[in-house]
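2 protein chains.
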Amino acid sequence: MQLSSQLILDLEQAIQNHQIEEIKRLITQVNRADLADLLANLTLDKQLKLIEYLPHAAYVFEFLSLTEQLEIALRLPKVQLVQLITEMHSDDSTDLFKTLPLKLQHDVYAQLTTEKQKQIKQLAQYAEESAGAIMSSDFVMLSSDLTMTEAIVQLRLQAADRETLYLIYIVDHDLKLLGVVSLREIILADPHQILGEMMTTDLVVGYVDEDQESIAQKLSHYDFIALPIIDAEQHLLGIVTYDDAMDIAQEEMTEDFLKSSAVSSAPNFSLKTAPILFLYKKRVFWLVILVFGSLLSGIGIAHFEDIIAANIVLVFFLPLLVGSGGNAGSQSATLMVRALAMGDVQLKDWLQLIGRESLVALCLGGTMACAVSILGYFRGDAMVALVLALSMMGIVLLGCLIGMSLPFILNRLKLDPASASAPLVTSICDATGVIVYLFIASIFLGQVAA
Amino acid sequence: MQLSSQLILDLEQAIQNHQIEEIKRLITQVNRADLADLLANLTLDKQLKLIEYLPHAAYVFEFLSLTEQLEIALRLPKVQLVQLITEMHSDDSTDLFKTLPLKLQHDVYAQLTTEKQKQIKQLAQYAEESAGAIMSSDFVMLSSDLTMTEAIVQLRLQAADRETLYLIYIVDHDLKLLGVVSLREIILADPHQILGEMMTTDLVVGYVDEDQESIAQKLSHYDFIALPIIDAEQHLLGIVTYDDAMDIAQEEMTEDFLKSSAVSSAPNFSLKTAPILFLYKKRVFWLVILVFGSLLSGIGIAHFEDIIAANIVLVFFLPLLVGSGGNAGSQSATLMVRALAMGDVQLKDWLQLIGRESLVALCLGGTMACAVSILGYFRGDAMVALVLALSMMGIVLLGCLIGMSLPFILNRLKLDPASASAPLVTSICDATGVIVYLFIASIFLGQVAA
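Chain order of the listed sequences is A and B.
Letter by letter, the first sequence follows residues 1 to 450 of the UniProt record's numbering.
Letter by letter, the second sequence follows residues 1 to 450 of the UniProt record's numbering.
Just so you know, these hints were derived from the structure itself, not from any lab.
Careful, some of the hints might be misleading.
Since the list gives no way to pick one copy over another, a pair counts as held whenever it fits inside one copy or between any two copies.
Said to hold, decoys possible - Mimicking BS3-like on lysine-lysine, the simulated pairs with C-alpha atoms at most 30 Å apart in a straight line are:
1) Lys-98 to Lys-218
2) Lys-272 to Lys-414
3) Lys-218 to Lys-272
With the rest of the complex left out, here is chain A:
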């Protein structure tokens, strides 16, 4: 039973057959996220019709991605677009407004109410990815001298277009934040109690210029439904809700994930519909950069040409040794990037982690050295086996240390540690691996060849 699916099929049917009464009846029963999915897949004239019949079209509209919103917005008659933007919550309407073409922005802006104009103007000023840019100004604000009963009356008056009623912010006459009361507490309290007496004053807040990732982490750490956003003078400016935090967390992890294989950061695109040139641009930068890493390996090989020519068996093991270093290094880098992103480790832990990583690397390198020296003994001789074992130990150890250190160094340089991608680490480890392997080989096998 997905109770909603049958209703959606019925509604689609009704729209197909222009059964207006049936449409109106069904609309009230389908939830907004499903209505939004349905809306996104209709043709223009049907979209217009559905938006017209929807009792709170704007709240359905908000469930669409910004790209989908824009697509519909550009095709809507201007008067309907103005109405939609007026009705939308402040954060979503500002986001949509900012993506409209400049000419349309001017036309729409002129037709908005003064209040909405002010709201959009205020929210549009904050830097991308800051708390200000994602916060909503649709929160409930009450004064601290109200009783519970009065608070509920006020709630009913303010409620209609607020993002949440479940956290109520208490402010002074200057709109400075004093405390917070949850609706749960209001329901459970004695009706004559005063808000100011029971509000929580141990506040966790976000700042208007704080990074959105940090806001999302606070919401997730404290399990709050919403976080109040204030300025340096403690004025309450907005709230960020738990659903925004989920979207942000997903966006940020997607970015890190793509960076982990050297794709430049690009949140919110579809692999199915993104333009070819867009995908090309996101990938070509790092591919070209990585060429230089590979060139180093080439130079390393060229330098040891003689020892290779004299011991051709070395070439057979080259990809194996060099590859293992890169693989172990990638693992280390990913573990470190993740730990840094989750706040598990800080810069000051570096020495301790290097020590632990060395132990892990010695275990891994030891295992691999055993395996590869057996292979080497059968394909070459005991001396080859020794060279392979020593090289493997050295390469895996170096690979792990490079992989672990690179995100730290990037962090230290105020760069994104997630840029320490598997391909980048691999290409650095490859070059190092070639040199270590052939250097060790030239020490142990050099005399034999000479």
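Using the hints provided, position chain B relative to the given structure of chain A.
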């Protein structure tokens, strides 16, 4: 202003100095997540003291990780542990109970109330990572014939230990789920209205045996505060709340992230404290598997030994060409793994995506071919430049197609597409690249050498 930090410092001070009255006063003002952080860092006797004074110790305790909970639980006097487990929400208490040593489980279980025994027994039966294993049975359930006023009275009676009051589930006499009403709707409704008349019946639900990842996706898609969990007969068994969804989403993305560089899945460990052997085990499996990929490259090189010997310049470009294929392939694989995980693409989109990927690959390969052929011309001659350009095109194209297809094939085989890690793709592309490069070289340069 992080209002809470000063309070926490004061509280730490008071605990140090055994100022009992001050501790009791401060405790009520600090929020639970911060109290939990503080609790985790105290010595045993101070932990016991703080737990003793905390008015709702169990709700603070729930904010600790399971490892931290277990550590404290093992050191608590049994009577305090029983009290703590009794007071904790059903989902958290079951998780903790399940991690206790068997002997302690028996002792604790015997001292629990019959109701709590039943709760733990019921919740403990569900498979790991299923909705049943993460759901809570502390939800508010009302019958459909209550008025709004009666509903609020009932809410006040049931409220104390419920995870959320904000979604109220309406059930029939058989406890089958009929609908849902939000506290927001109750506050805004006419006090004489009947719950059954205004409840939403277009329900989105989770099934008790459904995968936790799918539950988290539903919560995030619909922006719900909680999702009701039912069995096949529609009996309401529990709820999963938004904060659980956030934790699950983070856990699942961490797993994918680690897999992307060939670290076996292992949610919730700290890089700083995990045992060395644990980290070794998580990494050695894939490192050894990947050896076989590298061996293929070695065999490829050995096969074309003559052509290499005759044209030693080829070796210089080997890491560059082969590496570029691996890098481009890793990018494709990561993009595809992400798109599959987010539901952006399905199996049926495969052909379309291959077409699009080929176009992107041709653009990338073209760019790289230009670059490498210039290098080749200066280090070798026009013929070498041609070989390099053709090889680069072929290798990048093949790399992208392998990277894109591998997650699809794994998905098709009902394996986790995230196992198509960068190192795995790289090692497959390396072997392919060696063969393509040296094959093309042997065609164009073979005669010259002969």
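Hint-by-hint comparison with the structure:
For the identical chains of this complex, Lys-98 and Lys-218 are neighbours both inside a copy (27 Å) and across copies (29 Å), given an alpha-carbon limit of 30 Å. Taking the closest pair of Cα atoms, Lys-272 and Lys-414 come within 30 Å of each other only across two copies (22 Å); inside a single copy the shortest separation is 34 Å, beyond that limit. Taking CA atoms no more than 30 Å apart as the test, Lys-218 paired with Lys-272 passes between copies only; the shortest distance there is 22 Å, against 34 Å inside one copy.
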